[in-house]
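Put together the whole structure using the sequences plus the hints.
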Amino acid sequence: MKKSKFLSLIMMLICAIIFTGCQKGDLGQTFGGEDSQKPIFEQAAVENDRYAEKEIDLPEEFLQNDEKVLSFIQNEKDEFELYGSYMGNDELPIYTKYTLADDGTWGAEVPEWLNESSLGIYCQQLRVFMGEDWHRYAVFETQDGQYHIIKTDDESAYEEIGIDAWKVKNGDYYPVVSSVAILEDELIAATLTDGTCQIYREGKMVKEFSGGESFFIAGAGGKVARMGENNTGVVIYHAPKNMVDKEIGMEASAEEYTPLLQLETTYIANSYGISKLDEGNETWIKVMDGTDTTLNNPAFSPRWLYKNTAGNYFVFFVSSHGSKLVEYSQSTEVSQSDTSVKDAGEAKIGSSDTLTIYALEDSRIIRSAISNFKTLHPEIKVEFQVEGIEESTATRSEIIRALNAKLFAGDGADILLLDGLPADSYVEKGVLYDMGGAVIENAELYPNIREAYSQSGSCYMIPARIGVPVYIGTKNVISHAGSLEELAGFASQAELPYLKKISYGKLIEDFYPYYADMFIKDGSQIDEDGLMQFLAQIKMIADNVSATEKVDKEIPDPWNYVGFGESSLSVSVLKGMSYQWAAEHFAAARNIDGEVVTIGDRFVPYSLMGINNASANKELAMEFVNEVLSEEIQSVEFLDEGFPVNQKSAEQWLDTDKEYIAAAMNEEGNYFAVSYPNKDEREQLFGYISNLKTPVYQDDILLEMIISESDDYFKGVESVEKTVEKIINNAKLYMEE
Amino acid sequence: MRKQSKRSSITQNFTWRNSWGVFFILPSLVGVAVFHIIPFISVVQHSFMVPYGKEMVGFKNYGIVMQNESFQKAAVNTGKFLIFCIPILMLFSLVLVFFVRSAKRMKFLKSAALLPLAVPVATMALIWRLLFDENGVLGNVLSGMGKSKIDFFHTSAAFGVLVFTYVWRNFGYDMVLWGSALGSIDEQLYEAASIDGADRRQKFFYITLPNLMPFVAVITILSVLNAFKVFREAYLIAGDYPHDSIYMLQHIFNNWFTNLEMGKMCAGAVILTGVIGTGALLLQKMWKEE
Chain S
1 MKKSKFLSLI MMLICAIIFT GCQKGDLGQT FGGEDSQKPI FEQAAVENDR
51 YAEKEIDLPE EFLQNDEKVL SFIQNEKDEF ELYGSYMGND ELPIYTKYTL
101 ADDGTWGAEV PEWLNESSLG IYCQQLRVFM GEDWHRYAVF ETQDGQYHII
151 KTDDESAYEE IGIDAWKVKN GDYYPVVSSV AILEDELIAA TLTDGTCQIY
201 REGKMVKEFS GGESFFIAGA GGKVARMGEN NTGVVIYHAP KNMVDKEIGM
251 EASAEEYTPL LQLETTYIAN SYGISKLDEG NETWIKVMDG TDTTLNNPAF
301 SPRWLYKNTA GNYFVFFVSS HGSKLVEYSQ STEVSQSDTS VKDAGEAKIG
351 SSDTLTIYAL EDSRIIRSAI SNFKTLHPEI KVEFQVEGIE ESTATRSEII
401 RALNAKLFAG DGADILLLDG LPADSYVEKG VLYDMGGAVI ENAELYPNIR
451 EAYSQSGSCY MIPARIGVPV YIGTKNVISH AGSLEELAGF ASQAELPYLK
501 KISYGKLIED FYPYYADMFI KDGSQIDEDG LMQFLAQIKM IADNVSATEK
551 VDKEIPDPWN YVGFGESSLS VSVLKGMSYQ WAAEHFAAAR NIDGEVVTIG
601 DRFVPYSLMG INNASANKEL AMEFVNEVLS EEIQSVEFLD EGFPVNQKSA
651 EQWLDTDKEY IAAAMNEEGN YFAVSYPNKD EREQLFGYIS NLKTPVYQDD
701 ILLEMIISES DDYFKGVESV EKTVEKIINN AKLYMEE
Chain V
738 MRKQSKRSSI TQNFTWRNSW GVFFILPSLV GVAVFHIIPF ISVVQHSFMV
788 PYGKEMVGFK NYGIVMQNES FQKAAVNTGK FLIFCIPILM LFSLVLVFFV
838 RSAKRMKFLK SAALLPLAVP VATMALIWRL LFDENGVLGN VLSGMGKSKI
888 DFFHTSAAFG VLVFTYVWRN FGYDMVLWGS ALGSIDEQLY EAASIDGADR
938 RQKFFYITLP NLMPFVAVIT ILSVLNAFKV FREAYLIAGD YPHDSIYMLQ
988 HIFNNWFTNL EMGKMCAGAV ILTGVIGTGA LLLQKMWKEE
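Protein chains in written order, with my numbering: chain S, 1 to 737; chain V, 738 to 1027.
Honestly, I wouldn't trust all of these hints.
Unchecked claim - Sample of chain V residues lacking proximity to chain S, with all beta carbon distances greater than 12 Å (derived): (1) Phe760; (2) Val781; (3) Gly795; (4) Ser807; (5) Arg838; (6) Ala840; (7) Met843; (8) Ile864; (9) Glu928; (10) Leu973; (11) Gly1000; (12) Met1002.
To be verified - Some chain S residues judged to face chain V by a derived CB distance under 7 Å, without partners named: (13) Leu70; (14) Asn404; (15) Phe408; (16) Asp424; (17) Val427; (18) Lys429; (19) Val431; (20) Ser578.
What the hints assert, rightly or not - Simulated crosslink set (DMTMM-like; lysine to aspartate or glutamate; CA at most 20 Å straight-line): (21) S/Lys722 <-> V/Asp977; (22) S/Lys726 <-> V/Glu871; (23) V/Lys791 <-> S/Glu428; (24) V/Lys810 <-> S/Glu428; (25) S/Lys381 <-> S/Glu668; (26) V/Lys810 <-> S/Asp712; (27) S/Lys722 <-> V/Glu924; (28) V/Lys797 <-> S/Glu428; (29) S/Lys241 <-> S/Glu184; (30) S/Lys726 <-> V/Asp888; (31) V/Lys797 <-> S/Glu736; (32) S/Lys715 <-> V/Asp981; (33) V/Lys797 <-> S/Glu737; (34) S/Lys726 <-> V/Asp977; (35) V/Lys886 <-> S/Glu718; (36) S/Lys521 <-> V/Glu871; (37) V/Lys884 <-> S/Asp522; (38) S/Lys550 <-> V/Asp888; (39) V/Lys791 <-> S/Glu718; (40) V/Lys886 <-> S/Asp712.
No lab work stands behind these hints, which were simulated from the structure alone. Ideal placement from N, C-alpha and C gives every residue a C-beta, glycine not left out.
Now the structure itself:
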């Protein structure tokens, strides 16, 4: 009897083991599940998302004059006014105003108060605001760098409102005003570029509080709404109480949202739609889903948001290739949005009217292409499934295994963005469809990039964008940067350290992607001699820069130190033309009469696209890939998503000149001017791009093994032979797998 | 003739009344079939196919797996771990159960021993990191004593950490098993032995141990099954590529899965099942002979 009880217990335990084995364990629960990227406001109630999007044509004259957008405001008649400027014949700016009538036509005028000679001669950065008193205000910068605010009652004469705080220099500079909101009782709120928000009454500052992104601010009914310090929520200032409420969180990127404050309610527009926050509430309510609209097209940034008395929303968008005004009106005929960023756990394949795209990370160029594709094929539903690997609780390999399970079952998305995925393994196993001729014969693409992904007439993947790895340094060092050996040899004699303080690990990480072929043979063998040479040469550079095992914080923008003459070389990847990338790199080189050169013929692929061989929508998927590679999509710049692979788009980038001046500053207060790369620099850069042939070597597991085993060698307590032996032993299992 | 009588005996014993038992085991049977047996048949099928497709490749995958040095290393490590850990765990828990049985607060101690099982693996991995990391508590203690720190996770010490983890986590579970087994021994045997003048040692060797033997095989199998679960701890502590002393079969399966090496993975799984199945059958046979 006792024995049978024991056996019963054993059976129960066996069952428990079996079923715990069946369950998702601690690891399984984290597999790209519901906690993967979630659209923001998902948990907030959706009040009504049945809105129709209608683009309103901008004034013809405005387009013909190629005017610069200054402001877009709503007046007391519920009309909208667009302010622009263009350069007149006498090289003075002409300010224009276009008023949108109810019938959709624009009335043009040249506002007298803005074109006053005393104002027009020297004002810069002019913007117009509508006050709560329904008077128009303009903020501008004079040539001495001071900001001013003027007010007009009749749009002919104006008076200046003196703001004391704007007259006081902080060091060499006046405060730089980003945006302004004018409340009742002549209460003015302004955000400054340093992130602070100041409230003035009769020109005197009555309150100052810090915050995040400074461009956007909205005011109404004695309240001011702006981004909180970490750009993760909105803070509201109450004038009567002269106090700031606590931040109300929202997971919106500061660069992609614009607020509107209407008495009791704060609205914001961002890539997820339009949401509102009623006074006293702490939950945002989505009033309009933006996933199927221009709001979700990263090529366009919402700059101004308004709501008219009929309850329709008006959003004015700006982009690198033009502006757009869109009206969102309530409609009972509009279906739910068809294009959506979905939880990656919902990957489905097959139905011909649905195209699915899978990625570990978001890609703005893909989102932009989806938006265009949707316009071309309104009948097609497009799902962009983004894992959001940085935010996910699962590891990268866990997410990949979850994806592999789907692929193995003949499931999974139609298009895979292969960044971070085992792309070579997918090609080898036949997971990817041969895009062949469609890509290889695409004459618009750079031939060198096409060839980099072509194998005997087959092509299984193609990047949407590329990054350009470069050295920035003095001419002397750059002349010795032909190979790692040459660079290391020169380092042992150089007086100026190559780089600022850096850890051994970061140093290896910097050079590994470009020189791994010194020791990786046939993709699965480590050459002992090659690895010894690589480490020995890195050590020569490590000695030159006095590298250490650990540094408190790796320097974020090491190329700037080259610009300041504090180091003679920096390794970097150019990811775009904007301030932090090409502009700053070329400016740094310009400042020391140095050079920016590519590292061999390497490039970094971004948004690497492949089509699932099991897809039932291969033709549609191919069409989408071509859309991404099209001139229209490739012409748009997305901050840090790399350079175009389309030659025609590259020509547009090459021809585009932007006027902006910024400065790179170091801790000592030294600075050098940063401007958009000039024509010669742009030609140099795109000349480089047309010669890049080899994607960088990306094997993070092997890199991690090399870094973890080589500290002792760099510290001088172990021989290079011993270190290499350890690395090879450690990596043997991995390479053998 | 003998077979016939057996069949007729079964037929005679079957009644609709006792057929209800079939319905009770049916849900489990369906679960096991759907989640284990059918997938395993698919695994066997795929072990003879290309990694991603329907093309048959015969025993090619088996050949690749058997020659794969990583698989060999993982198999050796897993075997070493089993050979090392199972006896330690079984002996340790058996000794402890004797102490606990005679202790005053037996129930409390039994419950306490089961606590490690209730600790989530992720929490445990975090604690282990705090304890065993090179700059963790133990590292600092060693440093304070003037000795050099030990990187427990990236040296051969990792094997010791894993053994300790396994024993710590499972000793309570094995204690329950041993406790149940001990409880099934008839007390009258001990009383009779006492009357005959047997001391504690003799009672243990002549009564307890022989009566426990039928349960050894079952406890061993359960301990082996639990030993395979130790991968979760190894994975959370040291990731996909731990120190090669704790590189287990599950690591290689996981990594193969990441690279979509389905052919290798299925062949490896079939080989592993064959080895474990054979081992289990041998143990069962030994048990029957006992």
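Hints versus structure:
1. Phe760: Since the minimum Cβ distance to chain S is about 16 Å, V/Phe760 lies beyond 12 Å and the statement holds.
2. Val781: holds (16 Å)
3. Gly795: For V/Gly795, whose nearest Cβ neighbour in chain S is about 18 Å away, the distance exceeds 12 Å, so it holds.
4. Ser807: violated (4 Å)
5. Arg838: holds (15 Å)
6. Ala840: holds (22 Å)
7. Met843: holds (18 Å)
8. Ile864: holds (14 Å)
9. Glu928: holds (16 Å)
10. Leu973: violated (8 Å)
11. Gly1000: violated (9 Å)
12. Met1002: For V/Met1002, whose nearest Cβ neighbour in chain S is about 10 Å away, the distance does not exceed 12 Å, so it is violated.
13. Leu70: violated (53 Å)
14. Asn404: Constraint on S/Asn404 satisfied, holds at 5 Å.
15. Phe408: Hint holds; S/Phe408 Cβ to chain V Cβ min 6 Å, cut 7 Å.
16. Asp424: violated (9 Å)
17. Val427: Violated, about 11 Å.
18. Lys429: holds (4 Å)
19. Val431: holds (6 Å)
20. Ser578: violated (35 Å)
21. S/Lys722 <-> V/Asp977: violated (24 Å)
22. S/Lys726 <-> V/Glu871: holds (18 Å)
23. V/Lys791 <-> S/Glu428: holds (15 Å)
24. V/Lys810 <-> S/Glu428: Violated, at roughly 25 Å.
25. S/Lys381 <-> S/Glu668: violated (54 Å)
26. V/Lys810 <-> S/Asp712: violated (27 Å)
27. S/Lys722 <-> V/Glu924: Not satisfied, since the Cα-Cα distance of roughly 63 Å exceeds 20 Å.
28. V/Lys797 <-> S/Glu428: holds (17 Å)
29. S/Lys241 <-> S/Glu184: holds (15 Å)
30. S/Lys726 <-> V/Asp888: holds (15 Å)
31. V/Lys797 <-> S/Glu736: Holds, at roughly 17 Å.
32. S/Lys715 <-> V/Asp981: Answer violated: S/Lys715 to V/Asp981 is near 24 Å, above 20 Å.
33. V/Lys797 <-> S/Glu737: Given pair V/Lys797, S/Glu737 holds - Cα atoms ~16 Å apart, limit 20 Å.
34. S/Lys726 <-> V/Asp977: holds (18 Å)
35. V/Lys886 <-> S/Glu718: holds (17 Å)
36. S/Lys521 <-> V/Glu871: violated (33 Å)
37. V/Lys884 <-> S/Asp522: violated (44 Å)
38. S/Lys550 <-> V/Asp888: holds (17 Å)
39. V/Lys791 <-> S/Glu718: The hint is violated at about 51 Å.
40. V/Lys886 <-> S/Asp712: holds (14 Å)
Comparing the model with each earlier hint shows violations of hints 4, 10, 11, 12, 13, 16, 17, 20, 21, 24, 25, 26, 27, 32, 36, 37 and 39; every other hint is respected.
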